[in-house]
Amino acid sequence: MTTFSTPQPAVDRRAKAAFASSQLRWWLFLPAGILVLIALIGPTVLPYDPVDIVGVPSQAPNADHWFGTDQNGMDVFSRVIAAARTNMFVAALAAIGSTLIGIVIGVIGGMNEPVRGLRGFLARTLARSVEILDAVPAIIVGLVLVALFGPSTTTIIVVLIVVSLARQSKLVRTEVLKVRGDSFVDAARMAGALETNIMFTTVLPNSIRPALENFSATFGLAIIVEAALGFLGVGMPPPTPEWGTMIATGAADALNFRWWGAAFPTAALIVTVSSIAIAGSEILRKRH
Amino acid sequence: MYRPFSTGPRSITRNRSAKLITGVAVFATAALVLAGCTGGPDAAADDAETPDSIVIATPSSPTHFFYDAGTNVYPAMEIEMQINSTLLTNPYAQDEQDENALRQQVYEFEGALAESYEVSEDGLVYTFNLREGVVSQAGNPFTADDVIWSFNQKFENPTAVFQFVSAPAMTDPSTQIAKVDDFTVTMTVADRGYGQTLLSLLSNVTAQVFDSTILQENATPDDPFGVAWARANPTVQFGYGAYMIDSFTPDSDTTLVANPNYWGDAPAIDTVIYRVVADSATRAQSLRNGDVDIAENLAPQEQADAQTTGGVDVFSLDTNIYSFMVPVTNKAPFDNALVRQAMAYAIPYDQILDNVYLGRATQPTGYLDSNAPGYTDANLPEYAYDPEKSLELLEEAGYPDGVEYTLTVNADTPDLVAAAVQMQAEAADAGFTIDIDQQPSAAFSAGRTAGDFQSMLLRDYAITLTPPYELNLFTTRNSSLNYPKWEDETFYGLMDAAQAEGDPISDAAGAVYNEAEVYMLEQAPLIIYAQVQPSFAVADTLTGWAWRSDNWLDLSQLSYK
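Going down the list, the sequences are from chains Y and W. All residue numbers for the first sequence refer to my numbering, where the first residue is 62 and numbers rise by one. All residue numbers for the second sequence refer to my numbering, where the first residue is 1023 and numbers rise by one.
Next comes chain Y alone, as it looks inside the complex:
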């Protein structure tokens, strides 16, 4: 037997100890928690109606308008806060929808792929279709769907579900392919359970954990894609407060040093996605 040695530890001992700590670092959830709170109650305590013309357009931040006013004369602070509800609500719906649909597709596909005959062919076709969908950039899918069905809140939610479900489906499918051969599944079959029952009562509960752990990443992706569609002009109809649209309309002014219309929604977007990512990472760390 050949012995190898390293002159120094591969990983710092203190880092290892921290990583292995069983305590949940609750403070990492604070930013996301505050954002959720803002999204829930923020629109009810705004200084101005976010879709009302309340001042001279393109005012710099001042005592009356903390984040200034946009090109239309709307209060940027009120719109940034109101957009938190818009963006996060739509992203949450999309993440939930894509996770649920992805789980169903992943379970059905994973259970039936190895099967011969028409059922297996359909399952394999479904799996390949999901892979193709995953390979197409999300923005392209979004633009095509919006072009077909027109920009509306419903269309945006559907777009976000479509671009996100592929990843969730593949995670579940991978787990199903591992679990389906386990002895407890065979035991359920020998006990006379129907294949459909086995799929959803035995295999599914043991296969969905990766998709649930990926929920926070899906949520963050949905926010980014939603904002990107808004930036490209195919998001929510005006003057719905939405970060991507606000960044797009503010970008032109930014070229002329009127930075506030684009800067504040950009900062809000970065903080939101980062906070969700941090919270999701902490959950993953705790689980593993």
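Source of the hints: derived by calculation from the structure; they are not laboratory data. Watch out, some of these pointers could steer you wrong.
What the hints assert, rightly or not - Looking from chain W toward chain Y, a few residues come up when the C-beta cut is under 8 angstroms (computed):
{"hint": "1", "residue": "Ile1458"}
{"hint": "2", "residue": "Asp1459"}
{"hint": "3", "residue": "Gln1460"}
Fair warning: this is a prediction, and the values are worked out from it, not measured in the lab. Glycine included, C-beta positions come from ideal geometry on N, C-alpha and C.
Chain Y is already provided as a structure; the job is to place chain W on it using the hints.
Chain W in isolation, oriented as in the chain Y frame:
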């Protein structure tokens, strides 16, 4: 014991290689970025610095350069104006409002391809003496046959616009246009009152005359006028204009050079490059940076920013460009005239003029050109933002709880989108709940013509500034330009009465056209909220910018100071 990591000589080499590769990649990326940032503008700067050439930043790319081939973008029509000629033209004079601008004298005419013209005593027959010795860009001599062919084509080719805008002055060229000899053509109108409109029509882009020789050479039974051939060959030359197309790269740029065969004075600017810059803020920035000499179609804020930077001229003068709301009258709720009138009192005019146009627009008193001889503004309705009046009218119309409708806007017109937002915010107090629907340009154009929308915002203008043309432009029965789908017999009767008065710019005719205008504004198939100033910004090294009724640049007038 197995340990997964090794720090022996091989791993040290791998680490160094990885760092080297990373460093090379970063350097290469930085080099590419720097090259991308400096390549284009240097070339443009060279063009901008050449004394006899200019670069123009334009919003969209043409697809062809044959005006009578139909659907095209406005920048293409501007180029078509440079490469073609008409029988007559309107002279320029110093503008009274802006010392840096010339102004087209739309009620005066001078010879172009027709050296001169005479009018018969009864005012019905116009004789045009064509300019001799003119050759087209393709080298073919210009004769009366080109005039006859061009106008016959304009009526028999379904994509030509002239047939939709020429009535009642010209309705049948086969009977109204005659060749006397190779250099003499007559045009006959049914009523002496149509003469002014005829001359105006012959001076604008819809009446361009083309080289019939080359177009007929390329005609087929399926394409009897060579229209499809001209569309498929955008760099083909068949005009008599001051410029000709040197090169065309779709979605990139179009280069024009001075036409050596031009019948008029050679232009001072020899080469013009139209460069497509889709974003208006980027066009403005390019002008400020000196990358281009002219930026077209800028938003009012961008024009104001360009002026504060210095080195740029922005022109402040009255134009014929109107921003207006079109309540489509063949569908609810705007099939009710009271609802349309209520909407006219629900628009926040002053707020739009201040917040959207930053003072670069005014609320017009009416629809007709107020500078026209014979014009009167008597009895014109005065609309202002009046929510109470609007609510009263809605109640009278049977909508005591208000009205909800969709307002469609072209997403590529930021000032109209901004105006829609202003309307939505303020019309709510006047009983109107507005949902804004932004459509891409192509979808908007198709829906506008098909009458798919409940209402829409437009920015448009009448090229020919005579009362019959202006009032008929968006109201003619069965016309594709009748966006409000408004066909009103009372209005048509008033127009017939006005036309019977003869010369449309006489006081007598002006009084009757005023009645038609009053009626139209009261019925509100169009609700005009802004008369907009020019959207150009020009480097102050150039002179000769002229306002035209078609609102396009006339490159032949430009020169360096």
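The hints, checked one at a time:
Against a cut-off of 8 angstroms between C-beta atoms, the interface hint on Ile1458 of chain W holds, since the closest Cβ of chain Y lies about 5 angstroms away. Taking 8 angstroms as the C-beta cut-off, the interface hint given for Asp1459 of chain W holds, the closest approach to chain Y being about 6 angstroms. Here the hint on Gln1460 of chain W is kept, as its CB sits about 6 angstroms from the closest CB of chain Y, short of 8 angstroms.
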